[in-house]
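Chemist: If you want the building blocks of each chain, they are given just below.
2 protein chains.
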Amino acid sequence: MIAKKMKPYLENNSAIRAMFEEGKRMAAEFGADKVYDFSLGNPNVPAPQQLKEAIREILDEEDPVFVHGYMSNAGFEHVRKAIADNLNERFGTAFSNENLIMTVGAGSGLNVCLKTLLDPGDEVIVFAPYFLEYGSYIRNYDGVLVQVAPDTESFGLNVSDFAEKLSVRTKAVIINNPHNPTGVVYSKEDICGLARILEEKQKEYGHAIYLISDEPYRELAFDGAEVPFVTKFYENTMVVYSYSKSLSLPGERIGYIIIPDEVEDSENTIAAATIANRISGCVNAPSLIQLAVAKCVNAGADLGFYDRNRKCLYEGLLRLGFTCVKPRGAFYLWVKSPVADEKQFVEAGKKYHILMVPGSSFACPGYVRLAYCVSYGTIQNALPEFAKLARDFGLG
Amino acid sequence: MIAKKMKPYLENNSAIRAMFEEGKRMAAEFGADKVYDFSLGNPNVPAPQQLKEAIREILDEEDPVFVHGYMSNAGFEHVRKAIADNLNERFGTAFSNENLIMTVGAGSGLNVCLKTLLDPGDEVIVFAPYFLEYGSYIRNYDGVLVQVAPDTESFGLNVSDFAEKLSVRTKAVIINNPHNPTGVVYSKEDICGLARILEEKQKEYGHAIYLISDEPYRELAFDGAEVPFVTKFYENTMVVYSYSKSLSLPGERIGYIIIPDEVEDSENTIAAATIANRISGCVNAPSLIQLAVAKCVNAGADLGFYDRNRKCLYEGLLRLGFTCVKPRGAFYLWVKSPVADEKQFVEAGKKYHILMVPGSSFACPGYVRLAYCVSYGTIQNALPEFAKLARDFGLG
Numbered sequence: 002m003i004a005k006k007m008k009p010y011l012e013n014n015s016a017i018r019a020m021f022e023e024g025k026r027m028a029a030e031f032g033a034d035k036v037y038d039f040s041l042g043n044p045n046v047p048a049p050q051q052l053k054e055a056i057r058e059i060l061d062e063e064d065p066v067f068v069h070g071y072m073s074n075a076g077f078e079h080v081r082k083a084i085a086d087n088l089n090e091r092f093g094t095a096f097s098n099e100n101l102i103m104t105v106g107a108g109s110g111l112n113v114c115l116k117t118l119l120d121p122g123d124e125v126i127v128f129a130p131y132f133l134e135y136g137s138y139i140r141n142y143d144g145v146l147v148q149v150a151p152d153t154e155s156f157g158l159n160v161s162d163f164a165e166k167l168s169v170r171t172k173a174v175i176i177n178n179p180h181n182p183t184g185v186v187y188s189k190e191d192i193c194g195l196a197r198i199l200e201e202k203q204k205e206y207g208h209a210i211y212l213i214s215d216e217p218y219r220e221l222a223f224d225g226a227e228v229p230f231v232t233k234f235y236e237n238t239m240v241v242y243s244y245s246k247s248l249s250l251p252g253e254r255i256g257y258i259i260i261p262d263e264v265e266d267s268e269n270t271i272a273a274a275t276i277a278n279r280i281s282g283c284v285n286a287p288s289l290i291q292l293a294v295a296k297c298v299n300a301g302a303d304l305g306f307y308d309r310n311r312k313c314l315y316e317g318l319l320r321l322g323f324t325c326v327k328p329r330g331a332f333y334l335w336v337k338s339p340v341a342d343e344k345q346f347v348e349a350g351k352k353y354h355i356l357m358v359p360g361s362s363f364a365c366p367g368y369v370r371l372a373y374c375v376s377y378g379t380i381q382n383a384l385p386e387f388a389k390l391a392r393d394f395g396l397g
Numbered sequence: 002m003i004a005k006k007m008k009p010y011l012e013n014n015s016a017i018r019a020m021f022e023e024g025k026r027m028a029a030e031f032g033a034d035k036v037y038d039f040s041l042g043n044p045n046v047p048a049p050q051q052l053k054e055a056i057r058e059i060l061d062e063e064d065p066v067f068v069h070g071y072m073s074n075a076g077f078e079h080v081r082k083a084i085a086d087n088l089n090e091r092f093g094t095a096f097s098n099e100n101l102i103m104t105v106g107a108g109s110g111l112n113v114c115l116k117t118l119l120d121p122g123d124e125v126i127v128f129a130p131y132f133l134e135y136g137s138y139i140r141n142y143d144g145v146l147v148q149v150a151p152d153t154e155s156f157g158l159n160v161s162d163f164a165e166k167l168s169v170r171t172k173a174v175i176i177n178n179p180h181n182p183t184g185v186v187y188s189k190e191d192i193c194g195l196a197r198i199l200e201e202k203q204k205e206y207g208h209a210i211y212l213i214s215d216e217p218y219r220e221l222a223f224d225g226a227e228v229p230f231v232t233k234f235y236e237n238t239m240v241v242y243s244y245s246k247s248l249s250l251p252g253e254r255i256g257y258i259i260i261p262d263e264v265e266d267s268e269n270t271i272a273a274a275t276i277a278n279r280i281s282g283c284v285n286a287p288s289l290i291q292l293a294v295a296k297c298v299n300a301g302a303d304l305g306f307y308d309r310n311r312k313c314l315y316e317g318l319l320r321l322g323f324t325c326v327k328p329r330g331a332f333y334l335w336v337k338s339p340v341a342d343e344k345q346f347v348e349a350g351k352k353y354h355i356l357m358v359p360g361s362s363f364a365c366p367g368y369v370r371l372a373y374c375v376s377y378g379t380i381q382n383a384l385p386e387f388a389k390l391a392r393d394f395g396l397g
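Taken in sequence, the protein lines are chains A and B. Numbered per my numbering, the first sequence finishes at 397, counting up by one with no gaps. Numbered per my numbering, the second sequence finishes at 397, counting up by one with no gaps.
In case anyone wonders, no lab produced these hints; they're calculated from the structure. Computed from a predicted structure; not experimentally measured. Built from N, CA and C at the ideal position, the CB exists for glycine as well. Please note that a few of the clues may not be correct.
Stated by the list, open to error - Where chain B lies over chain A, by a calculated footprint (3+ residues, C-beta under 8 angstroms):
(1) 111-123
(2) 129-140
Said to hold, decoys possible - Just some of the chain A residues that point at chain B, by a computed CB distance under 8 angstroms:
(3) Met7
(4) Asp266
(5) Ile280
What the hints assert, rightly or not - DEER-style ranges, computed between Cβ atoms:
(6) B:Asn13 with A:Gln51: 38 to 46 angstroms
(7) B:Gln51 with A:Pro9: 41 to 49 angstroms
(8) A:Ala28 with B:Gln51: 32 to 40 angstroms
Input sequences plus hints: build the corresponding full structure.
Modeler: Written out as structure tokens, the structure reads:
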């Protein structure tokens, strides 16, 4: 008697659950320090001390009826203003609190955008490889996911295939920058190229096409890579953000969406998104943590931690003969599988207690994803095991 | 370009927003202490001191990577176990952590249940008067809301109309106990009567009918009223709970659903609900507050506060000649409008700075709802204004 729409998830879920259980089983059997789990995007960096102090201050100084009470469905006004001001300062934008809606993380933010926009049958374009959950989110509103083939040279935006996949049914396009799972950072030129095509097609089809920019890794960029602020390059843009990675708060479910004034019919779109946030059942983003992040707008991720991991793992694997995309953002390394069926490679890794995610979990077989948001020690200890794995596949 | 499904909400929303704005405008014009706002279910009782101490303890003693990190989509196991143990102790149930899924409040919990169960066109029965948001939640999954007429004698469960509204398309029934907006508490006999009908109809139709019991006011019962634990009386029950009222945490969005082993195909149903929680975009309930409520399973609402308000307002209005349903639970008083069109009565109240919600907002015109979760002073100061209002309508 479970809804028909939920049944396929149940079947797929068992595979994911089996992987998770395997990790737990291995940790129990061999000891957690002897298992090299690169499968999860759960930051190993603690939330900044400033956040802890912010929570304490709020609990000590504010009225609990205010701290834990209902506020506007879009979030506390002063919280949205603090974040808008910070964005304006950093990116030269001109957002007011009205342009921001606080959400239950980026997952909920994406759902709010899609619920606001999609009619059944509307197409949403995503670039492979991509976070498979985008598909679940699009199906929630009976939308149709249309996939752009990966550019396996650079793993940048495959604009030629993109132009072909656009159709009169395209309602939205999702990009993710910096990129999970490849670690690629799209440049200003990449975004401008995308925007040009979208503008042309909007004219041709005579309706808006929305660019939804999913940016939980915005602050995680290395080697001086700049992450362009997409609203400046394309009018019908919605930005989805989460504090999961920048403040290491993935469990807290706190983020926001931005709907700029430049978006078509922005007033109604903002109102509809605020209602979507409410009727999804979320009602509003969690209150205490909203207040806390507003006090931490200038706090950032420990970039040095991730950068050291990045270099150690990337250079270590290159030395062993692996082929990897050079990661410039997020905390993922995208490695070419030495055999076409990357699931075989993932399986072989388990022998050495190395846990990786197959590229097919991102609609891009032939590759694997390593999340290097683990401790530095895990990477150091994993490299000799990767060396054995490399030998098994005739590398080096 | 907003989704067609969202458009009716935009139109209705302006009315609700206008009401909210009016309250703010009145507070600014006349002073907050001269406005008697009985419109909102935002508890005026602070969260218990124990909660604040629990949060402090967690921040001081636990690893922030654990406190703010991802956990199982169903919630921390030890949190679910602590809650299950507490329920088992209080109600003689036999839940394990597996039967509980922590959710982003009851709103999200209801959505998780409905997403798990509903195919398009499935009917969900609700008893008028009811929280209109149920309709939004049901429409989220293309379900059809079927309304049982109110029993305007007792405002109990109108079982005769209920039996007529059940059909082969009925997938679920939502009840709310203690009841918003009437303050009624359904007894064990009421629940048993409902269960008997449901069991018969399940047999007749040859499929499960789920009873979804929405219980955010479970602990708010007065005069020794007992709130029956529904899973003990009907097998296909799902319970939805929130800490919004009992711990005064409405903004924190923390609650849970219970899916007992007795539910048909419970293992798959629990798995599907856990996935629904994830793919709705919530992923999991907020982590810090999950940990905090687990340390407060024995903390409760300040019943004395609400009881004093209840008596003062109920008795005060009776003395003025109003007709009210005697409230035995939640924190609402359901008052018969002295004129058929209760909106006229609500409008007249504004002259005396009294804000009430018309019964038509609960699909039950002719009545108004007063939320008495305000300060005692507000009630005391409002009574002379109610006296003027009563005189205007020839009462007393």
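Chemist: Are the hints correct? Go through all of them and say.
Modeler: Taking the hints in turn, this is what the structure says about them:
With a cut-off of 8 angstroms between beta carbons, the segment 111-123 of chain A has 8 residues touching chain B; three or more are needed, and the interface restraint holds. Judged by the Cβ-Cβ criterion of 8 angstroms, the segment 129-140 of chain A is covered by chain B as claimed, because 3 of its residues qualify and three suffice. For A:Met7, the shortest C-beta to C-beta distance to chain B is roughly 5 angstroms, which falls under 8 angstroms, so the interface hint holds. Hint on A:Asp266 holds. Least Cβ distance to chain B is approximately 7 angstroms, under the 8 angstroms limit.
Contact between A:Ile280 and chain B, as hinted, is supported at the beta carbon level, the nearest pair being about 4 angstroms apart and thus within 8 angstroms. With their beta carbons about 41 angstroms apart, B:Asn13 and A:Gln51 fall inside the hinted range of 38 to 46 angstroms. With their beta carbons about 44 angstroms apart, B:Gln51 and A:Pro9 fall inside the hinted range of 41 to 49 angstroms. As the Cβ distance of A:Ala28 to B:Gln51 is approximately 34 angstroms, the hint placing it in 32 to 40 angstroms holds.
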